[in-house]
Amino acid sequence: AQSVTQLGSHVSVSEGALVLLRCNYSSSVPPYLFWYVQYPNQGLQLLLKYTSAATLVKGINGFEAEFKKSETSFHLTKPSAHMSDAAEYFCAVSHTGTASKLTFGTGTRLQVTL
Amino acid sequence: KAGVTQTPRYLIKTRGQQVTLSCSPISGHRSVSWYQQTPGQGLQFLFEYFSETQRNKGNFPGRFSGRQFSNSRSEMNVSTLELGDSALYLCASSGSRSNTGELFFGEGSRLTVL
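Going line by line, the protein sequences match chains F and V. Under my numbering, the residues of the first sequence are numbered 1312 to 1425, in order. Under my numbering, the residues of the second sequence are numbered 5 to 118, in order.
It should be emphasised that the hints constitute simulated quantities derived from the structure, not laboratory data. Cβ coordinates follow ideal geometry from the N, Cα and C atoms, glycine included. Hints may be right or wrong, so weigh each one.
Pair by pair, the computed Cβ-Cβ distance ranges are [to be verified]:
hint, chain 1, residue 1, chain 2, residue 2, range
1, F, S1323, V, E86, 18 to 26 Å
2, F, N1352, V, L118, 15 to 23 Å
3, V, Q21, F, G1373, 44 to 52 Å
4, F, Q1356, V, G32, 14 to 22 Å
5, F, P1341, V, T24, 37 to 45 Å
6, F, K1380, V, Q21, 35 to 43 Å
7, V, T84, F, A1364, 45 to 53 Å
8, V, Y14, F, Q1356, 34 to 42 Å
9, V, G32, F, S1339, 47 to 55 Å
10, V, L118, F, E1382, 41 to 49 Å
11, V, T11, F, S1320, 27 to 35 Å
12, F, G1327, V, Q58, 14 to 22 Å
Looking from chain F toward chain V, a few residues come up when the C-beta cut is under 10 Å (computed) [as the list claims (entries may be wrong)]:
hint, residue
13, S1338
14, S1339
15, Y1343
16, F1345
17, L1355
18, T1362
19, A1365
20, K1369
21, F1401
22, A1403
23, S1405
24, H1406
25, L1413
26, G1418
27, Q1422
The following residues of chain F were derived to be distant from chain V, with all beta-carbon distances above 12 Å [unchecked claim]:
hint, residue
28, L1329
29, L1357
30, K1380
31, S1381
32, E1382
33, D1396
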């Protein structure tokens, strides 16, 4: 069964600092991987997705993620944090053959301080 | 292009009652999925409908049911409500032909069971 693990339920960074949110996946087949963001009292918004076309994936709002098969990782990064990045971030994996069924990680709440 | 619309946004019910939540997908999207989000269990897949047929189902009791209409709008119903059903219920639609699992989420319906 496919699954994802997000390390760190809370991450705090200073404005302008590097953002690194960790996600490791478990899958017996090449997975489709996603990062979603959720702002307070809102639904989820897709940041980026990996579908095997390229290992370095660029998303919206300056975020990117690199698929590393050897490390089974798909960490999310942003070079310079902005106050507006404060939100909860979810890594997710799509089940093979059932693309609309996503298994989500437990989420990482990003806090950005001045 | 209008996004995914969920109604109602907030509702309060008492134990034993039933509730119906509605979701209008993005125009042209034929797949609608439902997820339950709680602080304890995180995001969990409920079910997915495609062209009026349930295509996938998560591990929820039979009290949770859904349906999809010919215009792709979907409803989910929870009968005999329990306190533990208090959650944010998220609907997502997908029109991806490449089956990569990119979902577009609504803002959710927040259900409180007293």
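Discussion item. Holds or violated: the 37 to 45 Å window for the beta-carbon distance between F/P1341 and V/T24?
Written reply: With a Cβ separation near 39 Å, F/P1341 and V/T24 satisfy 37 to 45 Å, so the hint holds.
Discussion item. F/A1365 was flagged as interface toward chain V. Is the shortest Cβ-Cβ separation under 10 Å?
Written reply: 13 Å, violated
Worksheet entry | Whether F/L1357 stays farther than 12 Å from all C-beta atoms of chain V, as the label says | 6 Å, violated
Worksheet entry | CB-CB spacing for F/A1364 and V/T84 relative to the 45 to 53 Å hint | Holds, since V/T84 and F/A1364 (Cβ atoms, about 46 Å apart) stay within the stated range.
Worksheet entry | Status of the stated non-contact between F/L1329 and chain V (beta carbon gap over 12 Å) | 26 Å, holds
Discussion item. Is 15 to 23 Å respected by the C-beta to C-beta distance linking F/N1352 and V/L118?
Written reply: 20 Å, holds
Worksheet entry | Interface hint compliance - F/T1362 to chain V, C-beta minimum distance less than 10 Å | F/T1362 check passes; min Cβ-Cβ to chain V is 5 Å, inside 10 Å.
Discussion item. Take the shortest C-beta to C-beta distance between F/H1406 and chain V; is it under 10 Å?
Written reply: 8 Å, holds
Practice prompt. Check the following: the C-beta atoms of V/G32 and F/S1339 are separated by a distance inside 47 to 55 Å.
Written response: Given a distance of about 33 Å, which is not inside 47 to 55 Å, the answer is violated.
Fill in: Outcome of range test on Cβ distance (V/Q21, F/G1373; 44 to 52 Å)
45 Å, holds
Discussion item. If I take the minimum Cβ distance from F/D1396 to any residue of chain V, is it greater than 12 Å?
Written reply: 19 Å, holds
Worksheet item: So the hint says 35 to 43 Å: do the beta-carbon atoms of F/K1380 and V/Q21 match that?
Response: 49 Å, violated
Of the hints listed earlier, those the structure fails to meet are numbers 1, 6, 8, 9, 12, 13, 14, 19, 20, 27 and 29, in rising order.
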